[in-house]
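Residue numbers (numbering that gives the first Met the number 0), protein chains in the order written: chain A, 0 to 350; chain B, 0 to 350; chain C, 0 to 350; chain D, 0 to 350.
Below, simulated DMTMM-like cross-link-like pairs (lysine to aspartate or glutamate); rule was C-alpha separation at most 20 Å, straight line:
#1 D:K99 / A:E75
#2 D:K99 / A:E73
#3 C:K99 / C:D304
#4 B:K99 / C:E75
#5 C:K99 / B:E75
#6 D:K99 / D:E311
#7 C:K99 / B:E73
#8 A:K99 / D:E75
#9 A:K99 / D:E73
#10 A:K99 / A:D304
Derived from the structure by calculation, the hints contain no laboratory data.
Each chain is listed here by its residues.
Protein chains: 4
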Amino acid sequence: MGGNTFGSIFRLTTYGESHGPALGGVIDGCLPGVALGEADIQRELDRRRPGAGGLTGTARKEPDAVRLLSGIFEGETTGTPIAFVIENTDQRSRDYEAAKNLLRPGHADGTYLAKYGRRDYRGGGRASARETAARVAGGAVAAAMLAPYGIEVVAYTVEFGGIPAAAIDPAGAADRPFCAPDPAVIPAWEARAKEAMARGDSLGGIVEVVATGVPAGLGEPVFDKLDARLAYGLMGIGAVKGVEIGSGFAAARATGSTNNDPIVSPPETNNAGGILGGIANGQPVVARAAIKPIPSIALTQRTTDIFGAPAEIVVGGRHDRSAIPRVVPVVRAMVLLVLADLWLAQRVLTA
Amino acid sequence: MGGNTFGSIFRLTTYGESHGPALGGVIDGCLPGVALGEADIQRELDRRRPGAGGLTGTARKEPDAVRLLSGIFEGETTGTPIAFVIENTDQRSRDYEAAKNLLRPGHADGTYLAKYGRRDYRGGGRASARETAARVAGGAVAAAMLAPYGIEVVAYTVEFGGIPAAAIDPAGAADRPFCAPDPAVIPAWEARAKEAMARGDSLGGIVEVVATGVPAGLGEPVFDKLDARLAYGLMGIGAVKGVEIGSGFAAARATGSTNNDPIVSPPETNNAGGILGGIANGQPVVARAAIKPIPSIALTQRTTDIFGAPAEIVVGGRHDRSAIPRVVPVVRAMVLLVLADLWLAQRVLTA
Amino acid sequence: MGGNTFGSIFRLTTYGESHGPALGGVIDGCLPGVALGEADIQRELDRRRPGAGGLTGTARKEPDAVRLLSGIFEGETTGTPIAFVIENTDQRSRDYEAAKNLLRPGHADGTYLAKYGRRDYRGGGRASARETAARVAGGAVAAAMLAPYGIEVVAYTVEFGGIPAAAIDPAGAADRPFCAPDPAVIPAWEARAKEAMARGDSLGGIVEVVATGVPAGLGEPVFDKLDARLAYGLMGIGAVKGVEIGSGFAAARATGSTNNDPIVSPPETNNAGGILGGIANGQPVVARAAIKPIPSIALTQRTTDIFGAPAEIVVGGRHDRSAIPRVVPVVRAMVLLVLADLWLAQRVLTA
Amino acid sequence: MGGNTFGSIFRLTTYGESHGPALGGVIDGCLPGVALGEADIQRELDRRRPGAGGLTGTARKEPDAVRLLSGIFEGETTGTPIAFVIENTDQRSRDYEAAKNLLRPGHADGTYLAKYGRRDYRGGGRASARETAARVAGGAVAAAMLAPYGIEVVAYTVEFGGIPAAAIDPAGAADRPFCAPDPAVIPAWEARAKEAMARGDSLGGIVEVVATGVPAGLGEPVFDKLDARLAYGLMGIGAVKGVEIGSGFAAARATGSTNNDPIVSPPETNNAGGILGGIANGQPVVARAAIKPIPSIALTQRTTDIFGAPAEIVVGGRHDRSAIPRVVPVVRAMVLLVLADLWLAQRVLTA
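Model the full assembly from the supplied sequences, consistent with the hints where possible.
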């Protein structure tokens, strides 16, 4: 029940605290024969690095260099566990000493304390966004396994600070500021970001993720529906507070006659988000995740200390002003991990 | 990977097709000493019966009588598996013969066919809403285990057919039409329902669920966060297309300074929905599920048959016009199942 | 952790007490398209019935009639859960009232009490050999799935009451008294059984199980080796106190030069029991299970009551004098369940 | 299904090839507050090092220095995953080039090839005994968690090369040659070892393991019996071909009247090996594992190459002449891992 393993057949187990010696993970169940090297993982890790994507982010400058420890021979996976490690080279835990007894609003300080009876006050520990580096590494392995079968996943920001993108053109989004799918929206988003930063405040947004090439039949019925697994994977990202599939919450306001997708070729609509009864129907799989504004803000907040006394806190340290765009490759990684697992599961039936 | 088991420690495995001999389930991992009888389960099953909650529903009249087969001795659970069965007494599969080769839009007919290479054309099989009876039964057992520890879960409809309830008073919602939390909204919802039914169309809505008494510390970090498990459980309900926790999608449009809940006693806000870093903080746990309009409508729809030829279909049979309110006890049951599992997991740490 | 589910992909969950309303199980993960009916399961259940196999057994006369509740359509599995139930029609719990506070030596009475803080004193509950009926039913489904692929499993008694069979001819063993692989040993075994019964004592023996047609490659490395899973499955049978693979304990006394099987075609020896490094090598998979004498004997034994006071007990009730031969189909069933699970797992790699 | 994770609540996931960059593991689910440092793990690793225990072993001289990467803060576990890594500093894979196309009898070369369609010919890969270092590290963490609760495990060699130890005195066995429980047997074992080595042959033996302080109630019923889990864990060690509990195979030749342990205080016998109905009864838990002679022998053996052509092979490289005594701490570690998992599971019931 430790909660640090994701998947049933393609399984990623992660470890590591933001201020410990290293973080990393083990992938068990990857197919043999997948071409994979450290560069394939490093490329994805670089996308979630501080400063990646154009927004001024945390001042922390981890190189996040990944090292593969097992499961690869002559440039291909062997079918045995693939372990990777990312050393923490810049831990600066002294930043946190001053506020070690204060619970930061919106953070997991108090809940970890309640759960474990202790906490690593040097930082967020496992609740730090730094943990997501291991997810991105795992997703890169999933992508390498799935790509030869035509399954690809893109993610991009469709709304930032309350401002939606007008057009959705995923191509190139990963290389644009904010992972924007629409170059035209970038100036408005930048203005919004600067304004919030100037006030010491933070922002959220909505990330959309689309998987193409997902074969019809993928997903398990009842509890392990493809959409259930996607929701599980995406809501397990610290910053995510909502997940929707296809037309999502808009479906709740629609009628059956407008929300049903006629079964025609080629398809005309995709309100179902590529999933019917929890199983892929061959159309693109579409999900969106609501990203909350990061809780670390440079404003005075009311809180209590670990002994229950009221206090005030201004969160210092090195922090982003928004989880966007760094969370975008994490969203993509979780979808890749879900697909890798369910795709392997479906091979049981189709062998 | 069959997908029919939910939970790690408190585990519910379900079975049964809408048109087979019976459906039911097995609960493994319930604590011994829980007072439990068939009446405790039957009461909850009755809440999701056709016609329950005031809306004219399916004409199918299953008594849904539950029978306990194991795990109970002298009125209490023994710690061994609790099996229950609900016989299907009214199967009328002839209703489905006519359209057996047509794929119903919005249904899982085609995806089950793609997955398994066959399907039980007599009805939705495992994708039928009838499957959820076993979830409700499982949730009733979870409720019986958790109630003595002060954990309670209520669910109610906060929006129907695009019309939100103005006030939220959960008390008594379970006994009102539509599981409405606000008696004043009922006439508007009834009018909306009648209008849609008259057109042969269907409606959706939004169900909110609140768990009180959840102890701080409950939930596992990283992948098995309390919110991740809730999303997994709720999105696994066939009709659900979106899940949000606390302020949910609204958080994406907020700033950190407004979305962070100050840590004060008593709490002033609950934007986090009772969960920080995936772990309960002791406040009420709040989630919402977007319910799509049911896909079975009495209007002509474009589709294809199982051989790929274009066709038209009017879905007959016995169907509700909305998953609301029958889905409400299912939403509650899934939250109970999640809490039962994670509450037992937390006992490992606090023993 | 309830302990009542076996397998990862082909999963059997069982339930039911010896003196409750019914026992049964749910199989999740069976392939679709397997020809299966109640008769296929009933045939195997009949082999473990009282009196089956020629030994005078318990006086209890359960018909053990199985009923399939789900997962079958038009005579074939659909890929959805296969549930089965066996009603308990002859419960006679009054037999147990007299000794309800006494712990029976060699039984699980005291350990269940320690574990759960209570026990169903009417019989062995889940620790009763009656529980194994559900395993045999599950094994019958596994056999139906594997048989078209040429995988078959036979089990037979190689030693009874300390007397080994001289020759091993598995053909027909299932229909002989004691499941004897050698007709010539039957008179000696019958004499041994009669002598022990006359004294009110009980006997054990050794059951060998051989799986043929197991493809090379089956089995997972490290912890989920084929032999590890076999040991897990076989040692989980109540009466089993030892498991060995291939040359087993004799290997501990051999040298590498005599124990290594030369890799020649056709194979000359099979000391490895068809498994190298935990993975099948294509030769027959061979295991043996040590069956203890059943603990219910008609002799006065020293014990304590549930309050810790010394006492004497003579176990009445309806009991076999040996788990052999009724345990033989249970041994076979566990091996089938292990193979079904690992065979499906291997399809992930070979799809 | 990757097979590289052991346990349900206390979970060890391992990785690493004998000739890759490193091996290691991740432990998820350890209680917080366990005093643990690298020295606690290193001490156990040193016991399975080449040359440990007095027998001339492999010439390979890995320092096997463990490094902890996560899950520890201020000298205690935090409840988050504990990752450890052991670098491979001496890989010398050139030793293996010559015979890269030959399948070594008794080894997993051919079965890995059949399973994965490829193999790492530089050594045993995951099938190498080197993999067990990660088990020993995991067991050391389990020991640290269990020791404060009075649960301790000792393992020792009760038979070597066919010669049993006459007396069993576990104290100090870990520090004696062969992990001998009886100093008097050492000269005979040394003579036996020298004679086999002189011939280029290898030897096996039997290792006994005893767990004391195991509370009554530990173990799950039906499939996850304590003895089933022990058999699973022990048979998953590469060299093990048989496992028995308590009187084991001798029970198969006993009668109920002699094999039943009277329930008296203090206990007079322990034929059950401390387990009844799969659940601990509070007596010492006793198991034995049959260790096969290691297959790498310096004698010419008949084999085939990977293309199926007959060949001869003399296995070179750096190899032990027996898995004993290096396997002894591995046996102990597996029992510790089983107990840690089931002990945490039992806390669910007793919280």
